[in-house]
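A.B. asks: With the hints as constraints, model all of the structure from the sequences given.
Chains A and B, in that order, are what the protein sequence lines are.
For the first sequence, position 127 (counting from the first letter as 1) is numbered 127 according to the working numbering, and the numbering increases by one without interruption.
For the second sequence, position 186 (counting from the first letter as 1) is numbered 186 according to the working numbering, and the numbering increases by one without interruption.
It is possible that some hints are incorrect.
Subject to a maximum C-alpha distance of 20 Å in a straight line, what follows is the list of computed EDC-like cross-link-like pairs (lysine to aspartate or glutamate) [what the hints assert, rightly or not]:
hint	chain 1	residue 1	chain 2	residue 2
1	B	Lys9	B	Asp63
2	B	Lys9	A	Asp88
3	A	Lys37	B	Glu21
4	A	Lys159	A	Asp115
5	B	Lys9	A	Glu90
6	A	Lys189	A	Asp213
7	A	Lys140	A	Glu193
8	A	Lys189	B	Asp108
9	A	Lys37	A	Glu64
10	A	Lys244	B	Glu132
11	B	Lys9	A	Asp115
12	A	Lys159	B	Asp108
13	A	Lys13	A	Asp31
14	A	Lys189	A	Glu163
15	A	Lys159	B	Glu106
16	B	Lys167	B	Glu148
17	B	Lys121	B	Glu158
Just so you know, the hints here were simulated from the structure itself, not pulled from any lab data.
Just so you know, these numbers come straight off a predicted model, no measurement behind them.
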Amino acid sequence: MLTKRIIPCLDIKNGRTVKGIRFENIRDAGDPVELAKWYAEQGADELVFLDITATNEERKTFAELVRDIARHIDIPFTVGGGISAVADVEVLLQAGADKVSINSAAIRNPQLVQDLARRFGSQCVTVAIDTKYTEATGWKVYARAGTVETEHATVDWAKNVVELGAGEILLTSMNNDGTKAGFALDITKAVSEAVSVPVIASGGAGTMQHFADAFQEAHADAALAASLFHFRELDIPDLKAYLKTEGIAVRI
Amino acid sequence: MDLVIVDYKAGNVQSVQFALERLGVQASLSCDFETIKAADKVIFPGVGEASSAMAQLRARNLDKLLPTLEQPFFGVCLGMQLLCEHSEEGDTDLLGIIPLPVKRFETDLKVPHMGWNQLEKLQSPLFEGIAEGEYAYYVHSYYVPLSEYTIAQTSYPEPFSAALHYKNFYAAQFHPEKSGPAGSQILKNFLAL
Chain A
1 MLTKRIIPCL
11 DIKNGRTVKG
21 IRFENIRDAG
31 DPVELAKWYA
41 EQGADELVFL
51 DITATNEERK
61 TFAELVRDIA
71 RHIDIPFTVG
81 GGISAVADVE
91 VLLQAGADKV
101 SINSAAIRNP
111 QLVQDLARRF
121 GSQCVTVAID
131 TKYTEATGWK
141 VYARAGTVET
151 EHATVDWAKN
161 VVELGAGEIL
171 LTSMNNDGTK
181 AGFALDITKA
191 VSEAVSVPVI
201 ASGGAGTMQH
211 FADAFQEAHA
221 DAALAASLFH
231 FRELDIPDLK
241 AYLKTEGIAV
251 RI
Chain B
1 MDLVIVDYKA
11 GNVQSVQFAL
21 ERLGVQASLS
31 CDFETIKAAD
41 KVIFPGVGEA
51 SSAMAQLRAR
61 NLDKLLPTLE
71 QPFFGVCLGM
81 QLLCEHSEEG
91 DTDLLGIIPL
101 PVKRFETDLK
111 VPHMGWNQLE
121 KLQSPLFEGI
131 AEGEYAYYVH
141 SYYVPLSEYT
151 IAQTSYPEPF
161 SAALHYKNFY
171 AAQFHPEKSG
181 PAGSQILKNF
191 LAL
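C.D. replies: The following block contains the structure:
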């Protein structure tokens with residue numbers, strides 16, 4: 001049976017992981033390759049690396065890092081952050097990334113999604129959607145790392161990018177992100193039911209139950225978390241053992 | 001051993017090369033007819049869309065060469081589908097080495113079939129040391145139905161060909177290069193054939 005995926009997300013700046021990561025048994029937790037290997041051994045199903053650097057010069061460092069990651073880990077990984085053109089994607093895929101994640105660039109230029117899908121195949125095009133709910137607007141899509149509200153209603157936008165060729169949606173609820181109060185089940189469910197491609201729930205994971213809810217109630221295909229795993233508040237083997245007892249298909 | 005990965009700009013050849021490197025094996029990348037023909041073993045990766053991949057093969061005359069090869073050959077993911085007769089993806093004629101069709105998933109489940117799924121009914125030296133029900137990583141929207149050449153199957157929700165064997169041609173729909181230790185073992189098994 002196809003299993004639900006557990007995905008740690010690593011933020012990368014200047015080729016190093018950011019956030020104070022606590023790992024006693026890793027020599028250098030700031031080294032993305034070391035950390036990625038550790039997560040792969042822990043049973044992570046995929047990894048996401050987000051480049052949060054700003055300049056083009058730093059991006060070159062990122063492509064080198066992607067190559068280094070591909071050389072050392074044997075599970076799939078997605079890279080994202082600042083991708084705005086087909087040429088950016090070509091470099092990252094050639095370096096060994098399995099998928100790329102695009103966000104603001106898809107909003108600025110939806111044609112990019114189609115171009116990428118045609119050139120490289122839908123299977124490697126993940127569209128990341130940052131969404132926020134307010135009473136006045138409902139669930140809206142936000143651009144530029146969640147700083148700019150767009151005109152797009154979230155479900156419509158998700159359908160739109162899938163139509164253009166996105167092979168996967170990474171949905172982050174800004175309302176939930178960082179709260180540890182659980183994933184945004186309603187919008188995750190609405191998006192998951194509206195599109196034919198897999199949906200990754202992101203933002204708000206705090207407990208093992210939250211992951212079970214994302215899979216069972218919101219029908220997410222995968223769930224992503226960052227600090228929860230990095231700070232070892234939750235270890236993946238324990239999480240997967242729990243999900244299994246809840247009757248959820250996981251790879252153990 | 002002279003191991004060549006077919007490099008036709010339609011696949012993530014780098015990942016396969018790295019996976020072999022982790023096994024201590026150096027493989028060279030080539031799209032050159034003579035180099036491929038002279039290799040002891042050939043690996044044929046592929047991701048992306050079938051008709052553009054076929055166009056890339058034709059541009060290098062590889063559509064003529066690959067069917068004539070006699071050494072152990074391993075097609076991976078799209079590389080497996082391309083060995084077949086015809087794909088529903090872009091209504092594409094394929095290499096026609098293995099007389100099987102490639103169909104699109106018609107299911108209420110999510111497509112692409114993306115993630116870790118189980119290998120069952122393993123029946124080939126390719127799966128030496130691999131347990132029934134072992135997980136492998138998949139990303140694909142098209143599949144090869146079960147056939148007499150099926151040497152492993154996976155269900156989504158109906159069973160389909162996870163791997164094929166026809167003469168000297170082996171193929172896997174999943175990505176051994178991304179399937180953790182089990183995937184490495186399968187690559188190792190291919191190298192030992």
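A.B. asks: If a hint holds in the structure, say so; if it does not, say that too.
C.D. replies: Results of checking the hints against the structure:
no. : hint                : in the structure
1   : Lys9/B x Asp63/B    : holds (14 Å)
2   : Lys9/B x Asp88/A    : holds (16 Å)
3   : Lys37/A x Glu21/B   : holds (16 Å)
4   : Lys159/A x Asp115/A : holds (17 Å)
5   : Lys9/B x Glu90/A    : holds (11 Å)
6   : Lys189/A x Asp213/A : holds (10 Å)
7   : Lys140/A x Glu193/A : holds (17 Å)
8   : Lys189/A x Asp108/B : holds (15 Å)
9   : Lys37/A x Glu64/A   : holds (17 Å)
10  : Lys244/A x Glu132/B : holds (19 Å)
11  : Lys9/B x Asp115/A   : holds (16 Å)
12  : Lys159/A x Asp108/B : holds (16 Å)
13  : Lys13/A x Asp31/A   : holds (11 Å)
14  : Lys189/A x Glu163/A : holds (19 Å)
15  : Lys159/A x Glu106/B : holds (19 Å)
16  : Lys167/B x Glu148/B : holds (12 Å)
17  : Lys121/B x Glu158/B : holds (14 Å)
Taken one by one, the earlier hints all hold for this structure without exception.
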